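K.L.:
Letter by letter, the chains look like this.
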Amino acid sequence: MREKVLIVVVLFAVSTVSALMLAGVNAASKDVIIKNRERAFKEALISVLEIKGDGQTIENLYETKIKEQKLPAGNVYLSVDGENIKGAAFKLTGPGFWGPISVMVGVTLPDYKISGFEILEQGETPGLGARIDEVEFKKQFLAKKLDEVIIIKVKGEKPGINDVSAITGATITSKSLEKIINEAASPFIESLKESDRG
Amino acid sequence: MKNILIRGIIRDNPTFRMVLGICSTLAVTNRVSNSIAMSLGTTFVLIGSSLSVSLLRNYIPRKVRMAVYTVIIATFVVVVDIYLKAFYPVISKQIGPYVGLIITNCIIMGRAEAFASANKPFPSFLDALGVGLGYSFSLLLLSSIREPLGFGSWLGYVVLGDWWEPWVLMVMPPGAFLVLGIYIWILRTVSK
Chain A
1 MREKVLIVVV
11 LFAVSTVSAL
21 MLAGVNAASK
31 DVIIKNRERA
41 FKEALISVLE
51 IKGDGQTIEN
61 LYETKIKEQK
71 LPAGNVYLSV
81 DGENIKGAAF
91 KLTGPGFWGP
101 ISVMVGVTLP
111 DYKISGFEIL
121 EQGETPGLGA
131 RIDEVEFKKQ
141 FLAKKLDEVI
151 IIKVKGEKPG
161 INDVSAITGA
171 TITSKSLEKI
181 INEAASPFIE
191 SLKESDRG
Chain B
1 MKNILIRGII
11 RDNPTFRMVL
21 GICSTLAVTN
31 RVSNSIAMSL
41 GTTFVLIGSS
51 LSVSLLRNYI
61 PRKVRMAVYT
71 VIIATFVVVV
81 DIYLKAFYPV
91 ISKQIGPYVG
101 LIITNCIIMG
111 RAEAFASANK
121 PFPSFLDALG
131 VGLGYSFSLL
141 LLSSIREPLG
151 FGSWLGYVVL
161 GDWWEPWVLM
171 VMPPGAFLVL
181 GIYIWILRTV
191 SK
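As they're listed, the protein sequences go chains A and B.
Using our numbering, the first residue of the first sequence is number 1, and each one after it goes up by one.
Using our numbering, the first residue of the second sequence is number 1, and each one after it goes up by one.
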């Protein structure tokens with residue numbers, strides 16, 4: 001009997017100490033983590049919309065050059081220069097091989113050509129699927145038309161005009177990304193085209 | 001005392017001699033930078049959990065010792081994960097999913113059970129440090145072969161020129177099996 005009580009007491013004590021420690025660490029770093037995430041988001045926006053900095057801070061550029069607009073499909077970030085709307089960017093999310101993949105895509109308007117492509121979040125295999133975050137891979141998307149189908153071709157197939165080459169050894173990640181880019185983007189494109197007409 | 005520290009590096013090397021923690025070894029050694037981050041994280045968790053287990057060794061009931069070790073190990077791993085997210089977001093983005101898997105690295109549970117649960121804190125600390133260094137040393141050796149052959153680079157610096165056709169097998173876990181097997185073979189032959 002005594003042993004059973006001891007087991008419960010020890011397990012309870014260890015778990016409590018652990019929970020308190022983690023709560024403390026989490027509280028201490030929560031703000032930094034949120035700030036990191038926001039900063040990464042704004043940096044990605046500025047990068048995919050090709051906004052030139054001239055030494056201005058990220059915050060400043062975001063305030064002056066980007067306008068947030070709520071569309072039925074979700075939030076769209078417009079790159080504005082006075083009255084002109086030069087481009088639009090939005091976040092696309094979908095399942096990857098191990099976990100969700102989020103990407104930020106920027107397009108020039110009104111031709112819907114990709115002006116920038118950044119990975120916001122991914123948990124793919126390091127060295128394989130995670131290579132979707134490498135510059136060589138990302139820059140393949142530049143100038144591709146987002147309002148048409150973009151196919152990520154597996155090695156050996158010859159990529160067409162609107163296609164990009166997949167990462168060797170990461171077929172599932174590449175195909176998931178292809179699905180995200182085409183399927184998740186189409187409601188955004190439709191909303192943008194609609195608001196353009198209206 | 002000195003022996004406790006040193007034997008973890010060569011004689012009782014966790015990867016090459018005990019063949020433990022192979023899952024993470026195969027997964028992260030395709031790049032030197034990933035290996036370094038993984039080594040630091042695992043060594044920190046090893047030291048933290050071995051010290052805690054050693055301090056608590058006389059109070060943990062035998063029947064639930066594994067459960068207690070798991071809670072302790074998981075706590076340190078989550079601390080590492082949060083720390084990376086807050087201060088090294090770039091590394092966290094790259095090896096994020098593997099940080100959580102440190103919990104299941106059997107080297108850590110192995111040291112808690114085989115050493116820390118029966119020894120005083122200071123020897124346990126030395127043992128954890130030695131094994132951590134041994135693990136880091138193995139990851140570095142493996143990735144120093146795999147990254148050049150698979151990507152043509154070492155720690156991101158190009159070491160093999162354009163003439164080198166990257167050997168995809170080396171990037172994937174089977175390549176790690178091959179290199180690991182050769183290292184184990186060499187180490188066994190040398191130490192005979």
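These aren't lab readings, by the way, just hints derived from the structure by calculation.
The reader is advised that the hints may include incorrect statements.
Stated by the list, open to error - Derived pair list, reagent style DSSO-like, types lysine-lysine, alpha-carbon separation capped at 30 Å:
#, chain 1, residue 1, chain 2, residue 2
1, B, K85, A, K4
2, A, K30, B, K85
3, B, K93, A, K179
4, A, K52, B, K2
5, A, K91, B, K93
6, B, K63, A, K175
7, B, K63, A, K42
8, B, K85, A, K179
9, A, K67, B, K63
10, A, K42, A, K4
What the hints assert, rightly or not - Chain A regions said to be covered by chain B (calculated; three or more residues, Cβ under 8 Å):
#, region
11, 4-10
12, 14-20
13, 23-35
14, 75-85
Unchecked claim - Coverage of chain B stretches by chain A, computed from C-beta distances (three or more under 8 Å per stretch; other residues unrestricted):
#, region
15, 24-32
16, 81-87
17, 100-108
18, 112-126
19, 132-144
Note that the coordinates shown come from a computational prediction; the quantities given were computed from them, not determined experimentally.
Glycine is no exception: its CB is placed at the ideal position from the N, C-alpha and C atoms.
K.L.:
Compare the structure with each hint and give your call.
P.N.:
Now for the hints, and whether the structure bears them out:
1. Taking the CA atoms of K85/B and K4/A, the gap is about 40 Å. The hint is violated against a cut of 30 Å.
2. Taking the CA atoms of K30/A and K85/B, the gap is near 10 Å; set against the 30 Å cutoff, the hint holds.
3. A hinted pair counts as satisfied when its Cα atoms are at most 30 Å apart, and K93/B with K179/A qualifies at roughly 22 Å.
4. Annotation: proposed proximity of K52/A to K2/B is violated, straight-line Cα distance about 58 Å (limit 30 Å).
5. Distance restraint check for K91/A and K93/B: the Cα-Cα separation of roughly 17 Å lies within the 30 Å cut-off, and the hinted pair is therefore satisfied.
6. Annotation: proposed proximity of K63/B to K175/A is violated, straight-line Cα distance about 48 Å (limit 30 Å).
7. Using a Cα cut-off of 30 Å, the hinted pair K63/B and K42/A is violated, with the two alpha carbons roughly 52 Å apart.
8. Proposed proximity of K85/B and K179/A is supported: the alpha carbons are some 28 Å apart, at most 30 Å.
9. A distance of roughly 61 Å separates the Cα atoms of K67/A and K63/B; the hinted pair therefore is violated under the 30 Å criterion.
10. Using a Cα cut-off of 30 Å, the hinted pair K42/A and K4/A is violated, with the two alpha carbons roughly 55 Å apart.
11. For the region 4-10 of chain A, the assignment as covered by chain B holds, since 3 residues bring a beta-carbon within under 8 Å of that chain's beta-carbons and 3 suffice.
12. For a cut-off of 8 Å, the count of residues in the region 14-20 of chain A with a CB near a CB of chain B stands at 3, and the three-residue condition holds.
13. Look at the region 23-35 of chain A against chain B: 5 of its residues bring a Cβ nearer than 8 Å to a Cβ of that chain, three or more, so the hint holds.
14. Residue count for the region 75-85 of chain A with a Cβ under 8 Å from a Cβ of chain B: 0. That is fewer than the three needed, and the coverage hint is violated.
15. Restraint check on the region 24-32 of chain B versus chain A: 4 residues with Cβ-Cβ distances below 8 Å, three needed, restraint holds.
16. Only residues whose C-beta sits within less than 8 Å of a C-beta in chain A count toward coverage, and the region 81-87 of chain B has 5 of them, enough to reach three; the restraint holds.
17. Taking a C-beta to C-beta cut-off of 8 Å, the region 100-108 of chain B contributes 0 residues in contact with chain A, too few for the three needed, and the coverage statement is violated.
18. Closer than 8 Å: that is the beta-carbon criterion, and the region 112-126 of chain B has 0 residues meeting it against chain A, so the requirement of 3 is violated.
19. Counting residues of the region 132-144 of chain B whose beta carbon lies closer than 8 Å to any beta carbon of chain A gives 0, which falls below the threshold of three, so the coverage claim is violated.
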